[in-house]
Amino acid sequence: MSAGYHIVVCGGIVPDPLQTLEPVKGPAGWGLKNELMLPAILDPWAGHALFEAANLAKNAPGSKVWLVSMGPKAKLQQVMMTIAQKVPFELVVLDGPAGGFVEAQAVGTALAEAIEAIPGLDKSRLLVFGGWMSASRGAGATLQIVGEKLGIFEQFQGVDKLEVQSGGALRLLERVEGGSYQESTLDGPPAVVGWATGELPEPPNNPQVGMQNMRLVMPALQKAKPVKVEGGPEYLSVQVPSQKRETRVVKDTPVDEIAKEIVDWLKA
Amino acid sequence: MSEMERQSMDVDIVCVGFGPAMGGFLTTLSRGLMNPDGTPAVESAVMPGMPPQVICYERADDIAAGVSGVVSKARGIRETFPDFDPAQVPLCAEVTHEKVAYLLDPHGASRRQDLLDIKDGLIRTFGKHLPFCGEHSVELPWIPPFLRKEPGLVFSLGQFNQWVGAQVMAEGVAQVWPGMPVDKALVEDGRVVGVRLVDQGVTKQGEPDAGYMPGMDIKAALTVIGDGPVGPVGRGLDDAMGMPHGHTRRDWALGMKMVVDLPESCTLPEGFVLHTFGYPEPDIFGFLYVLPGRVASLGIFVPSWLDIPVRTAYRYLQHWITHPYLWQHLKGGVMRSWGAKSLLESGRRGEPWLVGDGYARIGEGSGTTNVLTGSGVDEAWTSGVQLAEGVLELLRAGKPFSRANLKEAYVARRRASHLEAEAKVAEKSRDGFGKGFIQGLMGMALTGFTEGKLNMCGDHRAPHERVPTLEETYYPQIPAAELARMREECRAKGEALHDAVMDRVGWPKIEYDGQLLVSHQDALLLGGKVQAPFGYADHVVFVDPQLCEECGEKICIDMCSGQAITMNPEAGVPLFDREKCVHCGACLWNCSKAHPNDPEKTNVDFRAGAGGLHSAEN
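Same order as they appear, the protein sequences are chains A and B.
Read the first sequence against UniProt numbering and you will find it ends at 268, with the numbers running on by one and no gaps.
Read the second sequence against UniProt numbering and you will find it ends at 618, with the numbers running on by one and no gaps.
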């Protein structure tokens, strides 16, 4: 494909995964305790999607990457300071909640509307990327809804590899049971790709990429469209898995003993 | 290694380190760079037609990565934000109650002067008949005015930085990039022309490895350095430019802190500020600030004049928390985050050259900490504001950032301000602590009440000149032969000495409750996580390994906040694991051996490094 791809990455921010997360019910519904205090990062799954998108765009001349992100503007600003140094993209911001309690339907609708509104977006060349799952809420439905709202029914979830073949066909490997992959071939865009971990590591910070991005990131943040999410489910109770760590620093333990301990723990 | 060709980028102003000083600088600068109609008030030299390109690099992975509770009069902050509403910042409240308490030692294990022992005995004997005396404690009936913070603010510095960062970014003029450490300032013919970012894709030793990317050179007409007390850019500049005559950096403290969910039973009100002294060692100070939402920020300061070669801030913090005076409020609490940071307590005496051709220094690394009033954040902020005002003045006048112009525009402002006046008063206020705890308190009072006209003279040697040997410290309590045996046992087990020695001299074991009292390693995991990105060189370096081999104290191991420096069972040179380093910099100034080439430095070098502790909450 000579004209390249228009890749839209849907990626939200989440509380840094090693936080102590405690659900609390506030006037606006369920949220996380001290949510504004929690450091945020780009959702790790969305991160893989973004790095894969940037790599694909780099190898397909004429391509362009947009990152569409919904989250509280102030938090997004800080996350983008880090992300913008990694890979080139243009940012589209939706100023809305990111706690993981909003219904996937509402988030998907808002994201799809934002994608539709991107000026110059060519839907015939569109690849919608995102995380297969999310660190804030693993419903796994948001990206599918985005695709359906956009009228894209070629959807792939749990993708670890996307290859462009001669002639422009796309070969995708989706995770299935037992560590195997389902292989699919697609004539070309449009498609929705929910990434698992992909194959690419996190790129190093590059100040020149950062400089190039930030000239667009900052106006995008200023133009952020507020999203008010109404309705959705009423949760009777909310629970996040409790964090249990039992740390010991033990030196010189034989490998067999460590292995035995792990097996005992798994069996317990 | 031959010099690689490096990428280079031109900006107008490059800044190093995002803390309160840089917050003040960028906030003030941003406001002045744009006209109300949105047009640039001043034109960029590197990008004509645009406002000046201002970029700030921060080592940590977030501009609010550290954990820190602060009480501040917040004069400078309120001048910048006249309509400041504490509710805008998570974890910020007005100071409503202040207390200062002297804590007695319930275990009899701390090292107290005889006079202090006598005083404690009198308090124990007659205290029950006196007001203000509680369980192993005395609350001061009156707080000296120089220590009072009302009407001030208590807040989380991390949350405040995050809020300020958002304001700066919203202005759209300055860019703040975290996760990008700066290696050094670029100096050409005595002029600072920008900074060099650290190399990526290198081994721990700094040799090129897979994905090698030489650090980019960022060239700028003005380099603003606000990288704190242990920042390698500021310290490197001190090496290049020298320090003003008589100025040294010999007074330090390590602040180790926690953010805690208070138990339901705790009745301390929001805005409550407590300062303690006397325990776990007499000259270790403690603080507890109650923030909104039943959250408290608390911790201790372990000073450089604590002449005990075996010491760990973490264990001292736990003894302090479990002191009956505090435990009554904290029992049942839960640690939310944890962290540590070095404080440069030399204040004005540690002030470097504030400006030079092409550069200016702000914040703690520029000597803004006021040790008499126990404050530094607002002072750092104010120094940043003063520089920004000066820079705007020079930009508008089209004047270059020469030493003379920066001196007139920034240093003159600083000298004429309350910042300088108060720094002068505080300059010698803690000298007495070099002689002892009682002399230290008397010295502070003398300085405080005479506004610096009279001071207690003291011992002002560098830490590595004053730290006694273990044998001297514990004679005759622990015989030398026993110490030698303990040292050998710990070395063989790869353990630090402090726990063994503290147990031996009578400190009780800490009973972990799994919530507030946890092992040091669990604090590292539960209280945050260390970011140690792959592909960077180790930032802690033992300069002369032979000196480490021979060192009998190895305070670097004991004082390491993250247990990242550990005993090497194979040899005398400690091991360093940056996966655990919280970047507090305690190793830099606690080392008891002088640098082979510079007696004002120690045998530990603290270089530029990415990452550090990302507290679970700020």
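Derived from the structure by calculation, the hints contain no laboratory data.
Since the structure is predicted, the reported quantities are computational estimates derived from the model, not experimental observations.
Do not rely on the hints blindly, as some may be mistaken.
Think about it this way: if two alpha-carbon atoms lie no more than 20 Å apart in a straight line, the pair counts; the simulated SDA-like pairs of lysine to any residue are [claimed, not checked]:
1. A/K225 x B/A170
2. A/K73 x A/G99
3. A/K73 x B/A87
4. A/K223 x B/M34
5. B/K435 x B/D605
6. B/K493 x A/T253
7. B/K219 x A/V209
8. B/K435 x B/R148
9. B/K529 x A/E202
10. B/K184 x B/D605
11. B/K580 x B/S519
12. A/K33 x B/M34
13. B/K128 x B/P141
14. B/K529 x A/L38
15. A/K223 x B/K493
16. A/K33 x B/P141
Going by beta-carbon spacing under 8 Å, a handful of chain A positions derived as facing chain B [as the list claims (entries may be wrong)]:
17. M37
18. P97
19. V209
20. G210
21. L216
22. A220
We treat Cβ as the ideally placed atom computed from N, Cα and C, and that holds for glycine.
We went through each hint and held it up to the structure:
1. A C-alpha spacing of about 14 Å is found between A/K225 and B/A170, which places the hinted pair at or below 20 Å, so the restraint holds.
2. The hinted pair formed by A/K73 and A/G99 meets the criterion: a straight-line CA distance of about 13 Å does not exceed 20 Å.
3. Pair hint A/K73 plus B/A87 holds up; C-alpha atoms about 18 Å apart against a cutoff of 20 Å.
4. For a cut-off of 20 Å, the pair hint linking A/K223 to B/M34 stands: about 18 Å separates their Cα positions.
5. With a C-alpha separation of about 28 Å, the suggested pair B/K435 and B/D605 falls outside the 20 Å cut-off, and the hint is violated.
6. At most 20 Å may separate the alpha-carbon atoms for a hinted pair to count; B/K493 and A/T253 meet this at roughly 13 Å.
7. A distance of roughly 16 Å separates the Cα atoms of B/K219 and A/V209; the hinted pair therefore holds under the 20 Å criterion.
8. Taken as a hint, the B/K435 and B/R148 pair is broken in the structure, with Cα atoms around 26 Å apart against an allowance of 20 Å.
9. Between the alpha carbons of B/K529 and A/E202 the distance comes to roughly 18 Å, so the proposed pair stays at or under 20 Å and holds.
10. Between B/K184 and B/D605 the alpha-carbon distance is near 14 Å, which keeps this suggested pair within the 20 Å criterion.
11. Only pairs whose Cα atoms come within 20 Å are accepted, and B/K580 paired with B/S519 is accepted, the gap being roughly 14 Å.
12. Annotation: proposed proximity of A/K33 to B/M34 is violated, straight-line Cα distance about 38 Å (limit 20 Å).
13. About 15 Å separates the Cα atoms of B/K128 and B/P141, which keeps this hinted pair within 20 Å; it holds.
14. Taken as a hint, the B/K529 and A/L38 pair is honoured in the structure, with Cα atoms around 13 Å apart against an allowance of 20 Å.
15. As the CA atoms of A/K223 and B/K493 are separated by approximately 59 Å, the hinted pair breaks the 20 Å bound.
16. Taking the CA atoms of A/K33 and B/P141, the gap is near 37 Å; set against the 20 Å cutoff, the hint is violated.
17. Because the closest C-beta pair between A/M37 and chain B is about 5 Å apart, less than 8 Å, the hint holds.
18. A least Cβ separation of about 16 Å between A/P97 and chain B goes past the 8 Å threshold, and the interface hint is therefore violated.
19. Evaluation of the A/V209 hint against chain B yields a violated restraint, the C-beta minimum of about 11 Å exceeding 8 Å.
20. A hinted interface residue such as A/G210 counts as satisfied when its beta carbon comes closer than 8 Å to some beta carbon of chain B; here the least separation is about 6 Å, so the hint holds.
21. Among the interface hints, the one on A/L216 is violated; its C-beta lies about 11 Å from the nearest C-beta in chain B, farther than the 8 Å criterion.
22. Because the smallest distance between the Cβ of A/A220 and any Cβ of chain B comes to about 10 Å, over 8 Å, the interface hint for this residue is violated.
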